[in-house]
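Protein chains: 2
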Amino acid sequence: MKKLTIKDIAKEFKVSISTVSKALNDSYEISQSTKEKIQKYAKEQNYKPNFNALSLKNRSTKTIGVILPTMLNYFFAQVFKGIEKTALEKGYKVITCISNQSYDKEVEIIEMLSNGSIDGFLLSMAKETELSNKFDHFQESIENGTPIVMFDRVAQSISCDKVTTDDLEGATKTVEYLYKKGHKNIAFVSTMSDLHIGKQRLEGYQEGLKNVGLAYDESLVLNIVERDYKKYKNIVRPFIKANKIDAVITTGESVAVSVMKAVKKNDQKIPKDVAVIAFSNGILSRHSSPKMTTISQHGEKMGSAATEILIDKLENKTKEITTKVIQTDLVIRDSTRK
Amino acid sequence: MKKLTIKDIAKEFKVSISTVSKALNDSYEISQSTKEKIQKYAKEQNYKPNFNALSLKNRSTKTIGVILPTMLNYFFAQVFKGIEKTALEKGYKVITCISNQSYDKEVEIIEMLSNGSIDGFLLSMAKETELSNKFDHFQESIENGTPIVMFDRVAQSISCDKVTTDDLEGATKTVEYLYKKGHKNIAFVSTMSDLHIGKQRLEGYQEGLKNVGLAYDESLVLNIVERDYKKYKNIVRPFIKANKIDAVITTGESVAVSVMKAVKKNDQKIPKDVAVIAFSNGILSRHSSPKMTTISQHGEKMGSAATEILIDKLENKTKEITTKVIQTDLVIRDSTRK
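Same order as they appear, the protein sequences are chains A and B. Using UniProt numbering, the first residue of the first sequence is number 1, and each one after it goes up by one. Using UniProt numbering, the first residue of the second sequence is number 1, and each one after it goes up by one.
No wet-lab data here; the hints were simulated from the structure. Certain hints may be false.
With the Cβ distance kept under 7 Å, some of the chain B side facing chain A (calculated, not the full set) [as the list claims (entries may be wrong)]: (1) Ala77; (2) Cys97; (3) Gln101; (4) Met112; (5) Ser193; (6) Leu195; (7) Ser219; (8) Val221; (9) Asn223; (10) Val225; (11) Val257.
Think of the CB as a built atom: it goes at the ideal place given N, C-alpha and C, for glycine as much as any other residue.
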């Protein structure tokens, strides 16, 4: 028979994991009747708190579990580099798993590693998790004594340490920079309009326009839902052709390459006629022609910061919950005017 | 106290894990005196066979553990796609970890997942493991009843199922193709001369030259030891400048981009003066200018094949050990003459 978990009890009573945890710990926050009901059920079902909840206080594995949402992403590879470096410096080992943007996989990885293999998690949410808004697995891990530090794609409603990029400010600064260089018709092309960071970047773009006194024109915003980057061009080309545009900000490199190709196809010159700037700073920006100006997110710094926060927590140096924001920088290459 | 493992016993007696396993199983292959020594020690130390060795026969998790050597690699991403697809079709879950080319990490991942979380492994060796020739952790996993199917970077000396690319034949066919298109001075640029697959590709290059009657000229082979791809150009440029070359075969895409840049810098045209062909078929080959002709390795097919072999083994459909070789194909783009 499968071992009864705190999650099963929560499901049974249609309450949150946090409620069950508080009920079992006889918290004053929970009504007497609910506490009695839950405690009785737990006893009848022979519920035993998770192994790691009992053991973690006594022993430490000196190992950090890292969950990355995707493999082929230079930004996450940079974050990972920062994590590895800082963990090594502080005498911690790292075990890394890929959720491949799947909620189920993320849950499985957390359950698997929480059997006492690791002391805490560093993770960036799977896309499916963010869209589904199901964060119980995070809550459960934290309640059971395995702390989580989230980076980049973080769950707003979960109370844990977070390290994020200044996506909003990064986009605002970029619009201001382009305006200073003489651009007036600045487009925004997004492949992540459904994610929080995508929304932040769009908001920053709008704020930038406001700051420099340009009107926000919805027809200059392109939200791409297509996931296959090979098909971006079919969506980007008509957009570039149909609009009077002298600069484009994109949420990523891959789509920026498509934008650059569409601009050339349209017999316009980069950066003379159209400037292109992409969020993130990976391998494509250095190999594209012309080389791409990017909004660099400093992934390595983000990874180091998240690791430091987690280790401080594990070693009881702090109980505070913090959110650290890593600043972006413009890396000027050849796709923008000098 | 840490639980005594079969590895500890092997260390104690300075013998292989396989010897300990055979001794404990009273195998006729092991001398009586060695068997007695090892059995006595195991009894004194209260050695218990691994949990999974006992449990795996009785229960199945329907989960496959995948270990990939590196994140930012389009070939492995393709393999992973094939694994996920086939596993899903056959009702298996997949849990994926990254060894980041580290032997220690590979060992940790195998130990962690072998606690009953998975039924078997699909893995491509870490570079450090291949160079160190330490394969005991693989042997131990297999002995303990967790089968392994290796793909691409496989341990020759370990007896397990393997899926490989025809690296040798792929290089041979490429030389023959270039010769047919009129090339006589064909160079070979490798960033993996220390790996088995790198050696196979070099050997295939030499065999191709022999087949078409061209002399092997050592000065047309460049082995790059540098790991930072941003520095490739410093090594590639003098090589291109110093030699009379009309075609280049590279072991990967990233270095092919450097070769193409060096050729242009040298005022030569691609493909008119110099043709370029790279192993693997990833994102750079489609984004490079001109678009790159590649030796496609069919990663997805490799992943599917490896998954099928493992599941057949887990479901006891076969006890045979096989090695399956996936054929490469030339994908002709614009960096070679039509």
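For each hint, the structure was consulted:
Given the 7 Å rule on beta carbons, the hint for alanine 77 of chain B holds: about 5 Å separates it from the nearest Cβ of chain A. Because the smallest distance between the Cβ of cysteine 97 of chain B and any Cβ of chain A comes to about 5 Å, under 7 Å, the interface hint for this residue holds. Evaluation of the glutamine 101 of chain B hint against chain A yields a violated restraint, the C-beta minimum of about 11 Å exceeding 7 Å. At its closest, the beta carbon of methionine 112 of chain B sits 5 Å from a beta carbon of chain A; the interface hint therefore holds under the 7 Å criterion.
Residue-level restraint check for serine 193 of chain B is violated (minimum Cβ-Cβ distance to chain A is 23 Å; threshold 7 Å). Taken as an interface hint, leucine 195 of chain B does not check out: its beta carbon lies about 20 Å from the nearest beta carbon of chain A, beyond 7 Å. The beta carbon of serine 219 of chain B comes no nearer than 28 Å to any beta carbon in chain A, farther than 7 Å, and the hint placing it at the interface is violated. With a least beta-carbon distance of about 25 Å to chain A, the hint placing valine 221 of chain B at the interface is violated under the 7 Å criterion.
Restraint check, asparagine 223 of chain B versus chain A: the minimum CB separation of about 23 Å is more than 7 Å; hint violated. The criterion of a C-beta within 7 Å of any C-beta in chain A is not met by valine 225 of chain B, whose closest approach is roughly 20 Å, and the hint is violated. Interface hint status for valine 257 of chain B: upheld, as the beta-carbon distance to the closest one in chain A is roughly 6 Å, under 7 Å.
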